[in-house]
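Peer 1: Could you put the whole structure together from the sequences, leaning on the hints where they help?
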Amino acid sequence: MNQAVEVKDVTVAYDQKPVLENISFTVPKGILMAVVGPNGAGKSTLIKAMLDLTQKSAGDVKILGEAYKPKNRTVGYVPQRGTVDWDFPTNALDVTLMGRYGHIGWFRRPSKSDVALAEEALEKVGMSAYKHRQIRQLSGGQQQRVFLARALVQDADVYFMDEPFVGVDAATERAIIALLRDLKESGKTVVVVHHDLQTVPEYFDWTLLLNKQQIACGPTDEVFTMEQLQQTYGGHLSFLNQTEMVGR
Amino acid sequence: MEQIIQSLLHDSNTQWVVLSTMLLGIASGVLGSFALLRKQSLVGDAVAHAALPGICLAFFIIGEKQFLALIIGATVSGLLAMYLIQLITSTTRLKQDAAICLVLSVFFGIGIVLLTKVSQQSSGNKSGLDDFIFGQAASMTGSDVYLMGGTAAVLIVTTFILFKELKLITFDPEFAKGIGLPLGVLETLFSTLLVVTVVIGIQAVGVILMAALLIIPSMAARYWTDSLGVMVWISGLIGAISGVSGTLISTLGLGLATGPLIVVSASCMFVVSLIVAPKRGMIAQWTFHKKGIAAKTTGSYRKEGA
Chain A
1 MNQAVEVKDV TVAYDQKPVL ENISFTVPKG ILMAVVGPNG AGKSTLIKAM LDLTQKSAGD
61 VKILGEAYKP KNRTVGYVPQ RGTVDWDFPT NALDVTLMGR YGHIGWFRRP SKSDVALAEE
121 ALEKVGMSAY KHRQIRQLSG GQQQRVFLAR ALVQDADVYF MDEPFVGVDA ATERAIIALL
181 RDLKESGKTV VVVHHDLQTV PEYFDWTLLL NKQQIACGPT DEVFTMEQLQ QTYGGHLSFL
241 NQTEMVGR
Chain B
1 MEQIIQSLLH DSNTQWVVLS TMLLGIASGV LGSFALLRKQ SLVGDAVAHA ALPGICLAFF
61 IIGEKQFLAL IIGATVSGLL AMYLIQLITS TTRLKQDAAI CLVLSVFFGI GIVLLTKVSQ
121 QSSGNKSGLD DFIFGQAASM TGSDVYLMGG TAAVLIVTTF ILFKELKLIT FDPEFAKGIG
181 LPLGVLETLF STLLVVTVVI GIQAVGVILM AALLIIPSMA ARYWTDSLGV MVWISGLIGA
241 ISGVSGTLIS TLGLGLATGP LIVVSASCMF VVSLIVAPKR GMIAQWTFHK KGIAAKTTGS
301 YRKEGA
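Chains as they are written, first to last, in the working numbering: chain A, 1 to 248; chain B, 1 to 306.
Hints in this document: simulated from the structure, not taken from any laboratory.
No farther apart than 30 Å at their CA atoms in a straight line, the calculated lysine-lysine pairs in the BS3-like style are these:
| # | chain 1 | residue 1 | chain 2 | residue 2 |
| --- | --- | --- | --- | --- |
| 1 | A | Lys112 | B | Lys164 |
| 2 | A | Lys131 | B | Lys291 |
| 3 | B | Lys177 | A | Lys62 |
| 4 | A | Lys124 | B | Lys177 |
| 5 | A | Lys62 | A | Lys184 |
| 6 | A | Lys124 | B | Lys164 |
| 7 | B | Lys279 | B | Lys39 |
For the chain A half of the interface with chain B, some residues (derived, Cβ under 10 Å), not all of them:
| # | residue |
| --- | --- |
| 8 | Gly76 |
| 9 | Tyr77 |
| 10 | Pro79 |
| 11 | Thr83 |
| 12 | Asp94 |
| 13 | Met98 |
| 14 | Tyr101 |
| 15 | Trp106 |
| 16 | Pro110 |
| 17 | Arg133 |
| 18 | Gln134 |
| 19 | Arg136 |
| 20 | Gln137 |
Cβ-to-Cβ under 10 Å is the rule here; a few derived chain B residues that face chain A:
| # | residue |
| --- | --- |
| 21 | Lys39 |
| 22 | Lys167 |
| 23 | Leu168 |
| 24 | Phe175 |
| 25 | Asp226 |
| 26 | Gly229 |
Glycine residues also receive a C-beta, built at the ideal position from the N, C-alpha and C atoms.
Peer 2: Here's what the structure looks like:
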């Protein structure tokens, strides 16, 4: 069993209108995969459907060979930054600790070793100096890193990240990509919804091209071709992107 | 003042009433903090108003003013109102504020009609049902007081035990679901805790102002801290002080209702918080802003600007 993720015939519909149709792909263990497609292609929806956060109309998802259940604790999820209220009364360390809640179990408070793990994760993402800061007072990139730290302490085998690179500074982008490579080194699998076409070949081993339907999925150097991209983006692939692709 | 101390020292009924309004204040402050952060402040108001028809119907059925029965009636109609708000929001194009307004006014209107009917009835002990509008803690006796205080204590303990889980579903419900917490169950549980808090406070505080005891302490508390744990305690403390002071002043026999007095004392503490709280208070914000301008004009910000 060398597949981290197996998705079979997943279909999602809102108000009878299909947003994703018959998506089927597999992700081998220990790779970094990008989910790429235009706005409204259903990238976030796909991740949410896989994790049971959105209802699937049909299809099966297996993670590490088992039907996915949130309780399995094999999956870490980094949602888009905009999904929470950053004015919430809490600090960076506290948010990171939330990643331990699944391990701590009902009714109990985080232990010293949980706090130590959270501090270690904040160190890894370069946020140690800000651990007691209220989350509103962090920059967008710093908030993203706190979310990553929270996912790290989950100690999962497969990670799903929804647009972690959006709206972050260059330093954070470097920090995130270093972290993704670290995760890969230690045998974890990471699936990332990604927007920036230019960095796909550099960052990711595997690519899923998506536009409501699955256009292609496989090793980046096979899948990430001009022809396939045009099929994914239709006429919307901008001239700028095209010239850059040719130059590559 | 002397009168207050006298009754506190010698009248055991007053002591019990004060103790249970204190517990009610803590429960309201604690659960109100979560309601505020979940942006459900108005839901509490709707539930409080919607409890009135339930109270009146329970009175019609039982035929006397029995606190437990009235509370059950209030809980049923409060929960029904909450469910209707969710149903309207999810199945129609109406937004939550419109749904709350609709449900609140319809239920309260029916409640007032029923209340008028009750007061026209000659049978039964109908006096005192009017107290449910503005609240009269002094009119509560014996078992009513124990029931209110005991239930409030249960609410506080439940929230304390589930603090970590409630915090997570408030801050990031998707993440909570992702790590396997039963989101729907916890949300229903929280709604129930909120409805019960509102309902047990109705006789002491009244349907019109109960929501204020839920929200004002937590709004005030938010000014003092950036930690949810601390906020919940401060909010509980402010709720307790409001409950106790409102109850004591209303027992003076000046004919003042408890609810408005509780709200006035909570509001005083809110205004103080708004002005003097460190960091978030108006004075702190104003001096911070002034310092910022001073720093900019003297050029110490130049580095960042370059």
